[in-house]
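Engineer: Below are the chains, spelled out letter by letter.
There are 2 protein chains.
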Amino acid sequence: MRQKKLPEIVASEVVAQSRLFTVEGLHLKFTNGVERQYERMKGSSRGAVMIIPMLDADTMLLISEYSAGTHRYELGFPKGLIDPGETPEQAANRELMEEVGYGANKLVKLKEVTLAPGYFNAQMTILLAFDLFEQSLEGDEPEPLEVIPWSLSRSDELLDNPEFSESRSVAGLLLAQKWFATHG
Amino acid sequence: MRQKKLPEIVASEVVAQSRLFTVEGLHLKFTNGVERQYERMKGSSRGAVMIIPMLDADTMLLISEYSAGTHRYELGFPKGLIDPGETPEQAANRELMEEVGYGANKLVKLKEVTLAPGYFNAQMTILLAFDLFEQSLEGDEPEPLEVIPWSLSRSDELLDNPEFSESRSVAGLLLAQKWFATHG
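Here the protein sequences line up with chains A and B, keeping their order. Take any residue in the first sequence, count from 1 to its spot, add 56: that is its number in this note's numbering. Take any residue in the second sequence, count from 1 to its spot, add 56: that is its number in this note's numbering.
Be aware that one or more of the hints could be misleading.
Chain copies aren't distinguished; within one or between two, either way the pair holds.
[To be verified] With a straight-line Cα cutoff of 30 Å, these simulated DSSO-like cross-link-like pairs (lysine-lysine) come out:
#1 K61 - K98
#2 K167 - K61
#3 K234 - K162
#4 K61 - K85
#5 K60 - K165
#6 K60 - K167
Simulated from the structure, these hints should not be mistaken for lab results. All values derive from a computational prediction rather than experimental measurement.
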């Protein structure tokens, strides 16, 4: 819709690095001549998936997982990084098998979302999964994930639950509701 | 709903640091005895706000802003960190004045969301802003933000726009739609 000219990356360098994170410092020059120092996370750019698994027409499967960032258990949908060579659909099926013990015969893409794009280059595909079949794969979780069936008709209660806070899970739930309202 | 016992943080140390980011390494011991090394971002814990400004009953105000993480312009709602001593409502009004040139006489909290809570402790309050009045505050943007009025009735078109990808903006739009569906 707009053809706005991007600022020029005059210089970039790694300014901090750990096992998981690499911080890149950017010297930017905007088209109006203003120059600024920015920082961003160098991502794997592999992309990720989040899956809303429908056990039946009204039952979603949630997981409760320890989240180190907030140091609490969080309710959300299964998710994970796309492995090299995988399509989003293949990654979705693998993550489903690892995290909830099901595969899906049908996957519908709802939307591609990003996460704080000012700092990260993290693309996530949100998918609805139907026609599930029992199949497990060994995951790398430190403890078994708790799988929690939740009725779509109780979505408002889920939105009011402070443990269900992750913006991508919130977006996923509302996109799923919207999808069911038109395709239901 | 659950009273799951949290893993113990056996040790923690800063493993990388830049001007904006501090990475903390955690040695965790889960209740089943499994020990793991995690990493997380030490956040400011100050919290942030995102505001959906309603210019009238059907017109939202979006901004288009350069995002270094994805190196492109992104469409989304005004947002920013809460300054020390501010309430979320005060921060919302300040950000509105800085980013879109309006204040709001009425603010409604929609939800508190987090961002990838596995790695971050970033809380954001999403608010709807009504009854706007023209008032500007100097922001610290390197270039003027483009403000784009968008009709609520064209929400589906916005959701289909790949520039509107930020999961918190997507959640905010859908929460606003939901709010209007019940509060008219």
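Engineer: Next step is simple, just say for each hint if it's right about the structure.
Structural biologist: Structure-based check of each hint:
Taking identical chains as interchangeable, the C-alpha atoms of K61 and K98 lie at most 30 Å apart only when both belong to the same chain, with a minimum of 22 Å there against 34 Å between chains. In this assembly of identical chains, K167 and K61 lie within 30 Å of each other by CA distance solely inside one copy; the values are 26 Å within and 35 Å between copies. In this assembly of identical chains, K234 and K162 lie within 30 Å of each other by CA distance both inside one copy and across copies; the values are 18 Å within and 28 Å between. For a Cα distance limit of 30 Å, the shortest separation of K61 from K85 inside one copy, 11 Å, qualifies, whereas the shortest one across copies, 49 Å, does not.
Proximity of K60 and K165 under a CA criterion of 30 Å is satisfied intra-copy only: 29 Å inside one chain copy versus 33 Å between copies. In this homomeric assembly, K60 and K167 come within 30 Å of each other (Cα to Cα) only inside a single copy, at 24 Å, whereas the closest approach across copies is 32 Å.
Against the hints set out earlier in the document, no violation occurs for any number.
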